[in-house]
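Chemist: Residue numbers (our numbering), protein chains in the order written: chain A, 149 to 406; chain B, 24 to 244.
If you are wondering where the hints come from, they were derived from the structure by calculation, not from laboratory data. A hint or two may mislead.
Unchecked claim - Pairwise CB distance ranges (calculated):
1) Asp87(B) <-> Lys317(A): 58 to 64 Å
2) Leu349(A) <-> Ile44(B): 42 to 48 Å
3) Tyr37(B) <-> Ile254(A): 50 to 56 Å
4) Leu349(A) <-> Lys53(B): 37 to 43 Å
5) Tyr164(A) <-> Asn31(B): 43 to 49 Å
6) Ser99(B) <-> Met265(A): 50 to 56 Å
7) Thr299(A) <-> Gln149(B): 26 to 32 Å
8) Glu212(B) <-> Asp389(A): 28 to 34 Å
9) Lys213(B) <-> Met265(A): 51 to 57 Å
10) Ala91(B) <-> Leu349(A): 29 to 35 Å
11) Leu221(A) <-> Glu212(B): 39 to 45 Å
As the list claims (entries may be wrong) - Covered by chain B, per the in silico footprint, the following chain A stretches (three or more residues, Cβ under 8 Å):
12) 182 to 195
13) 358 to 371
14) 375 to 388
Being a predicted model, the structure only gives us computed values, none of them experimental. For every residue, glycine included, the Cβ atom is placed at its ideal position computed from N, Cα and C.
So the chains spell out like this:
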Amino acid sequence: MMQDFLFKASNISKYYGQNVGCKNVSLDINSGEVLGIVGESGSGKSTLLNCIYGNLKVDEGDILLNDKSKKILNFTKIDEPKLRLIQRSDLAFVHQNPRDGLRMNISAGGNIGERLMAIGHRNYGEIREIASSWLEKVEIDVSRIDDKPSTFSGGMQQRLQIARNLVTKPRLIFMDEPTGGLDVSVQAKILDLLRNLVRELGIAAIIVTHDLAVVRLLADRIIVMQNGNVIEAGLCDQVLDDPQHKYSQLLVSSVLQV
Amino acid sequence: MIQIKNLNKSFELYNQNNTNINVFKNINFKVDKGEVVALTGNSGTGKSTLLKLIYGSYVISKGDVLIADVNVRKSSARDILKLRKNKLGYVSQFLRVVPRVPTIEVVIEPLLDIGCEKKIALKKGQEILEILKIPKNLWNLSPLTFSGGEQQRVNIARGFIHNYPYLLLDEPTASLDHNNKNIVLHLIEKAKLNGSAIIGIFHDEIARNKVATREVNLENL
Numbered sequence: 149m150m151q152d153f154l155f156k157a158s159n160i161s162k163y164y165g166q167n168v169g170c171k172n173v174s175l176d177i178n179s180g181e182v183l184g185i186v187g188e189s190g191s192g193k194s195t196l197l198n199c200i201y202g203n204l205k206v207d208e209g210d211i212l213l214n215d216k217s218k219k220i221l222n223f224t225k226i227d228e229p230k231l232r233l234i235q236r237s238d239l240a241f242v243h244q245n246p247r248d249g250l251r252m253n254i255s256a257g258g259n260i261g262e263r264l265m266a267i268g269h270r271n272y273g274e275i276r277e278i279a280s281s282w283l284e285k286v287e288i289d290v291s292r293i294d295d296k297p298s299t300f301s302g303g304m305q306q307r308l309q310i311a312r313n314l315v316t317k318p319r320l321i322f323m324d325e326p327t328g329g330l331d332v333s334v335q336a337k338i339l340d341l342l343r344n345l346v347r348e349l350g351i352a353a354i355i356v357t358h359d360l361a362v363v364r365l366l367a368d369r370i371i372v373m374q375n376g377n378v379i380e381a382g383l384c385d386q387v388l389d390d391p392q393h394k395y396s397q398l399l400v401s402s403v404l405q406v
Numbered sequence: 024m025i026q027i028k029n030l031n032k033s034f035e036l037y038n039q040n041n042t043n044i045n046v047f048k049n050i051n052f053k054v055d056k057g058e059v060v061a062l063t064g065n066s067g068t069g070k071s072t073l074l075k076l077i078y079g080s081y082v083i084s085k086g087d088v089l090i091a092d093v094n095v096r097k098s099s100a101r102d103i104l105k106l107r108k109n110k111l112g113y114v115s116q117f118l119r120v121v122p123r124v125p126t127i128e129v130v131i132e133p134l135l136d137i138g139c140e141k142k143i144a145l146k147k148g149q150e151i152l153e154i155l156k157i158p159k160n161l162w163n164l165s166p167l168t169f170s171g172g173e174q175q176r177v178n179i180a181r182g183f184i185h186n187y188p189y190l191l192l193d194e195p196t197a198s199l200d201h202n203n204k205n206i207v208l209h210l211i212e213k214a215k216l217n218g219s220a221i222i223g224i225f226h227d228e229i230a231r232n233k234v235a236t237r238e239v240n241l242e243n244l
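Chain B on its own, in the form it takes in the complex (with noise of 0.2 Å):
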C-alpha cells in the first residue's frame, strides 16, 4: 500500500528573491494493491511534484510517504535506492540515459540492477519490446536518436520490464498514437490485475477512464 498522509510540498527558491512557492498543503490519500489511481487538477496543481515526492526526488516539506513499510521522508539515500530497485518503478516523460546504449540495454537494465541473468533480462527484454511494437533493427541503436513516441515506448518498457508493486506513471501515453496507447493502457491493466498499486496522471481522459480505478483531484483537496 501507498499512503500519503498530510504531505505539504513548498519550494524555497533562495536566489529568486527567496520565493516560497506553496504547492499544496494536507494531501491524504491511500492506494491498494491492485488500484490505480489518477491524478488530476490543472497544470501546476502539482501531480508531478507529488510523484516525484513519492519517488524521493524531491524533499518533502512536511508529512509522510509510506510504502509497504517504508517511510520515504525518514529514509536515507541508500534505502530510497534500494526501495526503487526493487519495489519502485517511475515512467516519465522524458528518457534519460547514457548516449550511445542500445535499446536493449536500456530496458534490461532494471534486471540486470535486481541480479538478473543477462540472458534472462534479454529474453524479457525483447519480449517487451515486441509487445510495444518497437522494430526489431532498431534495438541495437540508442533510443536517443529516437521519435518521441518510441522514446516514451522504450521508457515504458523499462518501467514495466520488472514486475513492480508499486509504480507512478507520468503521462504513459502522451505522445502515442490510438494503438499504442491501446497497448500501454493493456500493460498498466495487467500490472493492476497483478496487484500493484499504481499512481499516475493521464491527460487523455479516454485512457484515464479506462485503466484508472479511481481519482484523486489535487484541487479538492
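Here chain A stands alone, though its shape is the one from the complex (with noise of 0.2 Å):
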C-alpha cells in the first residue's frame, strides 16, 4: 500500500539567502489525484511547485517519484540528465506565463509535435493530425495550426502550453497558476478538459493557484501556505468551508463567492 503513492515530498526546505522560500513542507499525491496549492502572492506557492518539479535545488528533503518500473527515483540524488529525461517522459509543467512554457519561433502545431517527437513520433501525417485534435480540444482553431504562437492573444497562448504539456500523457502534472489569464468561459473549457484527463488516464496534477473556486471545482485536497510554511492541509471542500487556521479563514472569507 504505502508503494503505491505515485509522488511525494518529504520535510521540502528552500532559502533565498535569509529568506525563507518555503519550509518543511510535506506533500504526497496518488495517480488520478488533483492537489491544490493555495495561498496569496509571496506565500511560497510557485517556490514550492518549482523546488518539487526539480526546477529549483531544495536546500532540505527529499522528492520521490515513483517511476513506470515501479522503482523510487528521488530527484535530489539523481543526476541532471536523468532528471530531465524524468521531467519529459513522466512530468510536464505548465508556466503561469505560456512564454515561459512555449517556443514563440515555431508554429502551433510545431509546439504540439515537439513533443511527441521527443518520446519517439517519427510520423509526419501522423503528429500533424493528432497536433489537429489537441488545438480542437482546446478550442483553438484548426487552420492557425502553421501560425506562430506570438501571433496568438494570450489566453489562445496559455491553451496551447497546456496541448503542448498534455499531448504526451505525462502522469504528473505540474500548474502554476494556469487559468490566470484567460476569461471565464475557456477557463471552464480547461478545467473540464483536466478533470476529463485525470478520470480517463489515471493523470495527477498539483495545481498552484490563488482561485479559490478553481479549486473547489478541480482539487481533492489542498494545502494552505502562508510565509513558506503550511498552516493547513486536507480535503478540498472542509479547508474551504471550515477552514481552522486564522489565515485560512481570513483567505477564504475574502473571496466573493466560492
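With the hints as a guide, bring both chains together as one complex.
Modeler: Written as C-alpha cells, this is what we have:
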C-alpha cells in the first residue's frame, strides 16, 4: 500500500539567503488525484512547485517519484540528465506565463509536435493529426496550426501551452496558475478537460492557484500556505467550508463567492 | 448504519473578534438501513451543519460520526473521498459544477468515478433524467443556465444515479412544484426500500410526513 504513491515530497525547505522560500513542506499524491496549493502571492506556492518539479534545488528534503517501472527515484539524488529525462516523460509543467512554456518561434503545430517527437513519434502525418486534435480540444481554430504563438492572444497561448504539455500524457502535471489569464468560459473548458484527463487517464495534477473557485471544482485535497509554511491541509471542501486556521479563514472569507 | 455519538460542533471565528459559536452539543442518534430520519428544528439549530459534519465538509469539534465501519473524525482525506465515492451520497440545495459541462455529463459523473463504463452510465443518466422530467433538449446544455427547480432536479439525478447505501438530503424538494416533489419523494421511498440509510432536512411538512420514518429534533437534544 505504501508503495502505491505516485509522488511524494517530504520536509522540503528552500531558502533565498536569509529569506524563507518554503519551509518543511511535505505532500504526496496518487494517480488520478488533484492537489491544490493555495495562498496569497509571496506565500511560497510557486517556489514549492518549482522545487518539487526539480527546477529549483532544495536545501532540505526528499522528492520521490514512483516511476513507470515501479522504481523509486529521488530527485535530490539523481543526476541532471536523468532528471531532465523524467521531466520530459513522466512529468509536465504548465507555466503561469505561456511564453515560459512555449517556443515562440515555431508554429503552434510544431509546439505540440515537438513533444511527440521527443517521445519517439516520427510519422509527420500522424503528428500533424494529433496536433490538430489537441488544438481542437483546447479550442484553437485548426487553421492556425501553422501560425506562430507570438501571433496568438494570451488566452490562446495558454491553451496551446496546456495542449503541448498534455499531448504526451504525462503521469503528473505541475501547474502554476494555469487559468490565471484566461476568460471565464475558456477557464471552464480547460477545467473540464483537466478533470476528464484526470479521470480517464489517471493523470495526477498539482495545481498552484489563488483562485479558490478553481480549486473547489478541481482539487480533491488542498494545502494552504503562508510565509513559506503549510498552515492547513486536508479535504478541499473541508478547508474551504470550515477552515481551522486564522489565515485560512481570512483567505476564504476574502473571496466574494466560492 | 450511521451512528452519531456525543457530537459537538462549534465554530471559532478568528477574524471576527474571536467569536465562538456553539452550534450544538452531545447529539446522539442512529440511523439503520431502510430508515429515513428527518432532522427538524428551527433555522439555526444546526440541521445543515450536522449533514456537513457527517459528510466530512465540516470539522467535528468533539464526538464521533460512524458510517458502517468508517469513523469520519479519524479518517484521512483520502478515506473520506473513497467513502463519498462508493457509499455516501449528498444532495445539497445548490448545484456546483464546472461551467459549460452538459447536464448528462454532470449527472453521470458519480458513476464514471466508480469506474462504470460510459455507455452504461449514459443509459442510466438518461433514465434518471427522464424520471425527473428534465426535457430531453436540455440534456446537452449546461445546467447552470437552468431554472432553480431544474437545477435542483439535476442535483437529485446526480445523488440518485448511484445506489448509495447512505444518503444525506438537504432540502431535496425545496424549490419543486407538486408533481416534481412527488417524483423526488418516490425516489427517496425507493432508496429506502432498497435499504439505504437516509438523513434529510425537509421543511415541507407534507413531504416529511410522506417519507420520514422518524424525526430527530435538534432543539430537544
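Chemist: Any hints from earlier that this structure breaks? Give me their numbers in increasing order, please.
Modeler: 1, 6, 7, 11, 12
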